[in-house]
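Spelled out, the chains give:
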Amino acid sequence: MFDHDFLALFLEIFLINATITSPIYGVVFSTSKRYDYPPLVCNVGWLGLPSVLITILLVAAGALVANLFYNNLIIDNFTYFRQIFPSLSTASTIPTCLDYFKEESLNAPEFIILILLSICSMFFMILAYDLIATYSAIEPQSLCFYVIAASKRDSEFSTEAGLKYFILGAFPSGILLFGCFMIYGFTGVTNFEELAKIFTGYEITLFGAQSSGIFMGIPFIAVGFLFKITAVSFHMWAPDVYEGSPTLVTAFFSIAPKISILANMLRVFIYSFYDPTWQQLFFFCSIAFMILGALAAMAQNKVKRLLAYSSIGHVGYLPIGFSRGTIEGIQSLLIAMFIYVLMTINVSVTVLALRKNRLKYIADLGALAKTNRILAITLSITMSPYAGILLLAGFCSKFYLFFAALGCGAYSLAFVGIVTSVTSRFYYIRFVKIMYFDTPETWIIYKPMDREKLLLLAITLFSTTSFFLYPSPLFLVTHEMALSLCL
Amino acid sequence: MDLVNYLTFSMIPFFLGIWGIFPNKRNIPIMPTLIELMLPVVNLNSLVFLVHLDDMMGQLSALFALTMAAVESAIGPAILVITFRIRGTIAVELINCMKG
Numbered sequence: 001m002f003d004h005d006f007l008a009l010f011l012e013i014f015l016i017n018a019t020i021t022s023p024i025y026g027v028v029f030s031t032s033k034r035y036d037y038p039p040l041v042c043n044v045g046w047l048g049l050p051s052v053l054i055t056i057l058l059v060a061a062g063a064l065v066a067n068l069f070y071n072n073l074i075i076d077n078f079t080y081f082r083q084i085f086p087s088l089s090t091a092s093t094i095p096t097c098l099d100y101f102k103e104e105s106l107n108a109p110e111f112i113i114l115i116l117l118s119i120c121s122m123f124f125m126i127l128a129y130d131l132i133a134t135y136s137a138i139e140p141q142s143l144c145f146y147v148i149a150a151s152k153r154d155s156e157f158s159t160e161a162g163l164k165y166f167i168l169g170a171f172p173s174g175i176l177l178f179g180c181f182m183i184y185g186f187t188g189v190t191n192f193e194e195l196a197k198i199f200t201g202y203e204i205t206l207f208g209a210q211s212s213g214i215f216m217g218i219p220f221i222a223v224g225f226l227f228k229i230t231a232v233s234f235h236m237w238a239p240d241v242y243e244g245s246p247t248l249v250t251a252f253f254s255i256a257p258k259i260s261i262l263a264n265m266l267r268v269f270i271y272s273f274y275d276p277t278w279q280q281l282f283f284f285c286s287i288a289f290m291i292l293g294a295l296a297a298m299a300q301n302k303v304k305r306l307l308a309y310s311s312i313g314h315v316g317y318l319p320i321g322f323s324r325g326t327i328e329g330i331q332s333l334l335i336a337m338f339i340y341v342l343m344t345i346n347v348s349v350t351v352l353a354l355r356k357n358r359l360k361y362i363a364d365l366g367a368l369a370k371t372n373r374i375l376a377i378t379l380s381i382t383m384s385p386y387a388g389i390l391l392l393a394g395f396c397s398k399f400y401l402f403f404a405a406l407g408c409g410a411y412s413l414a415f416v417g418i419v420t421s422v423t424s425r426f427y428y429i430r431f432v433k434i435m436y437f438d439t440p441e442t443w444i445i446y447k448p449m450d451r452e453k454l455l456l457l458a459i460t461l462f463s464t465t466s467f468f469l470y471p472s473p474l475f476l477v478t479h480e481m482a483l484s485l486c487l
Numbered sequence: 001m002d003l004v005n006y007l008t009f010s011m012i013p014f015f016l017g018i019w020g021i022f023p024n025k026r027n028i029p030i031m032p033t034l035i036e037l038m039l040p041v042v043n044l045n046s047l048v049f050l051v052h053l054d055d056m057m058g059q060l061s062a063l064f065a066l067t068m069a070a071v072e073s074a075i076g077p078a079i080l081v082i083t084f085r086i087r088g089t090i091a092v093e094l095i096n097c098m099k100g
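Keeping their order, the protein sequence lines are chains C and U.
Residue numbers for the first sequence follow this note's numbering, beginning at 1 and rising by one.
Residue numbers for the second sequence follow this note's numbering, beginning at 1 and rising by one.
Don't take each hint at face value.
From the structure, some residues in chain U lie toward chain C, with a derived Cβ separation under 10 Å [as the list claims (entries may be wrong)]:
| hint | residue |
| --- | --- |
| 1 | T8 |
| 2 | I12 |
| 3 | G17 |
| 4 | I21 |
| 5 | N45 |
| 6 | F49 |
| 7 | M57 |
| 8 | V71 |
| 9 | L80 |
None of these hints come from the bench; they were simulated from the model.
We put the beta carbon where it would ideally sit given N, CA and C, even for glycine.
Isolated chain U (complex conformation) (with noise of 0.2 Å):
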């Protein structure tokens, strides 16, 4: 199997999703979908070492970031929720109450 075939096509959503959060002006639940985008795929990185290395550790990590993902997932969309209550609206160019 082709490792840098596997880890190249794994590699570019996560920069993608790193990359993502700095064009985006308008639009906040975007941010939580990038992080979303970012950590299964870094998950795939960890079952593509898996069967390269034949361990069976990247399986197990593998589930442990799985869980923590979907707990982030759960989290991050309640807060944008409660804010959304509030202010009425979610773009990232009001959310400036504070300022240094």
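With the rest of the complex left out, here is chain C (with noise of 0.2 Å):
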């Protein structure tokens, strides 16, 4: 009955029987006696990072169009895209993680294991063509990050982060649920493509509706999903969250999570409930979203707390793809959630590469010209695409957002959109001045970072600030995306 599922699921397989390997080799050699207790979570890293890379190899070379097990999993170019993003990510967050446990001497292997694992449940969030599907994986999804926001065991700041993070995820997860089960009440389905022929012409106007289990229904995923993308008004959690957990994990929260769940949302969203009334809700998410990412980033001192505001802000900028439903807003979202992933990366591997005292303040980054240039020079180009400088791949992230909003008649958004991101500026060139011209007390001299670091950061930078020279392969592939959902 499933001769073919089990071979379209392969690199799943693969990666959940990698997950289960290295704990098992985790746990045997660091408990056995005789190699004297070593720590191995550079180990298991190494160990990790490989697997990663084999299913990012797997995604690339399998390329199929399969509906599994009862139509409750599907497989198809957005989701084949799609999960290469997301291990892309993490392939470059565990290489990070190396030197940050040895500089720490935290010994903590089931640490990469629970990325591992929170990677297979993002791939099947990814995957999922049933609510109840993507409610069991977005679940595991949550269940990992809470025990590696509060994973540094004896800090009063990871602790309460994984606590936050527990109260203010577990909420949202009842209110999906919540919503998910109004929609099979009301429905007695659950499967996307049956709801989206259930949903086809239906207006789910309040006033209008023929059932009002269903217009409570879709506001609760809606609600769900916003807390877990971290969406203005339900965002508290995020900056207490991002500062308090380490910063290899804050750099793993503000990358794949975001991913994953705005596929899933597309798909919900785009595929099932097409409809005019709940892209209103997204309308006004995302003004409120841009004008607090600007507003509150400008009033932050440390560093990571800022980068948490300004990936709200950033993440505040996507829904504008999506408010309106059109192919061209689709794939602008998804340019932009790509350039997005990839300035996240070069900015959070900077954050720990400047670890020396522990850097917090922003204030800290003085004279960072003058102890290490390149860095510097790193840091500014970054984040001068974060705030959209010309010809730098920011830019032509918002460009095409912007433009997208004005192509389906969403003045009001561009608008805003574009005078948020000119204030945001401010605080970007803040970091410049800093680095630049502040001849701070102290002056912080930071250690050299290890070579992996290096390598991403390059890669990224590269990647940035060349994008604009040859953007259409990008181009390509999310118009395919984009096509594969719609159509």
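From the two separate chains plus the hints, produce the assembled complex.
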């Protein structure tokens, strides 16, 4: 019955097996007296990295289109390309961790294993084609995240971040589940395809609605998702969690889950519940998102908090793409997301590299231009596409988002977007000012970075700066993804 | 069977769970408890729908959600315990290491 299903899920099966094998290795050898109880976190990390890389190869090698397990999972072009993003971001997170573990003398091999496990559930989240499959993929991912946010057990900050993340992460799961069951109860189906058939031409307005249960279910699902991508008014946990949890966890949180949850959101809201009514929700959410991201980040003095707010602002630009549900919009969303991932990897690797004296305040970056010139140049270049300066990748991504917004008639959205991105340039420029023109009382000399971080920094910097020279591959790929989602 | 009655019965504890977070100023263990209140009630919703619709999907999903709730209720107290071990208190107003 399932002849080809397991073949289609080969890479998930592989990754789960690799994930299961590495804790066995870790547990057996880290408790062995013969080897004097070695700290195995780096070994497990170096085992985890190739398994992610092999997964990327498997994704790239086996392109097929299939509906699996009674239509609970789907593999099409959208999922196929989408899986490459989270696996690439994990592949970039793991090598940056290793140095961190060595310096902190934190022996936690389970950390790598939890990252791999959450990647498995992200894959299933992207593949999910059913409300229940979605929920049961989102939940293991969040469970892994609660644990890795609190992974530094002797730090007050980390445990507090874990606690906050748990409380404010379990809550939206309940809300999401409630929404799913409302939809299930009032339509009788949970499959996205069947839901799409039911919702075709349905008009989910409050007064014109045939069923108030459906009208209630969709906002609940939307709120659950918006909590998870730290949308404004549901974002209150994000800066605290980002600041409190260890830096590498912050780096991972701000990249990988957002891709997979947005993929799932696109699938649910563009394919199943396609309707202008809820698009209003994302419209206003996006406006609030951008304004808060720009204004709140100005008041921040701590680096990680600032990154949290700027990531809130950045994710806020993404709903522009699907607040009108056009193909150009979705394509520009996917482009923006890819570039966001690249830039966030770059910034978080930089923050991880500047770890001497626990870089906490932005003022600690003072005179970085004199102590570490190349890193200062890198940081100022990356910060500028964050704000969107001409000819860098961030500019391209925002340009296409606003272009798509204008193309579908969302003029106010484009206006707010441009105003906020101009405003947000203020605090990115402040970075540059601090690095180049401030002379601090205490000069902080940072340790040189290790090879993996340097490589990652170089790759991401190169691809963000030279993106505009040859952007067509990304455009083709994202167009194909958007088409396979919509058609 | 009266669907509205069952749904109202399950909806009241659900919104009680959402509402209960806000007035709670002193005590953290209440929060996981409230989450544990929400999840089974949502499950009850699913079971009511399953009987109402005469469809097995509701039972399956209720079982899945039950497992997830169980895992959540294992992880939450564990995080609480490590917090308590470090701070010696679990009052909500003292959870403010990080201020914007």
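Here is what the structure says about each hint:
1. T8: Where the cut-off is 10 Å and the nearest Cβ of chain C is about 13 Å from T8 of chain U, the hint is violated.
2. I12: Since chain C brings no Cβ nearer than about 13 Å to I12 of chain U, farther than 10 Å, the hint is violated.
3. G17: With a minimum Cβ separation of about 7 Å from chain C (threshold 10 Å), the hint on G17 of chain U holds.
4. I21: Holds, because the Cβ-Cβ distance from I21 of chain U to chain C comes to roughly 7 Å (cut-off 10 Å).
5. N45: holds, 5 Å
6. F49: Where the cut-off is 10 Å and the nearest Cβ of chain C is about 3 Å from F49 of chain U, the hint holds.
7. M57: holds, 6 Å
8. V71: Where the cut-off is 10 Å and the nearest Cβ of chain C is about 6 Å from V71 of chain U, the hint holds.
9. L80: holds, 7 Å
Of the numbered hints stated above, those contradicted by the structure are hints 1, 2, listed in ascending order.
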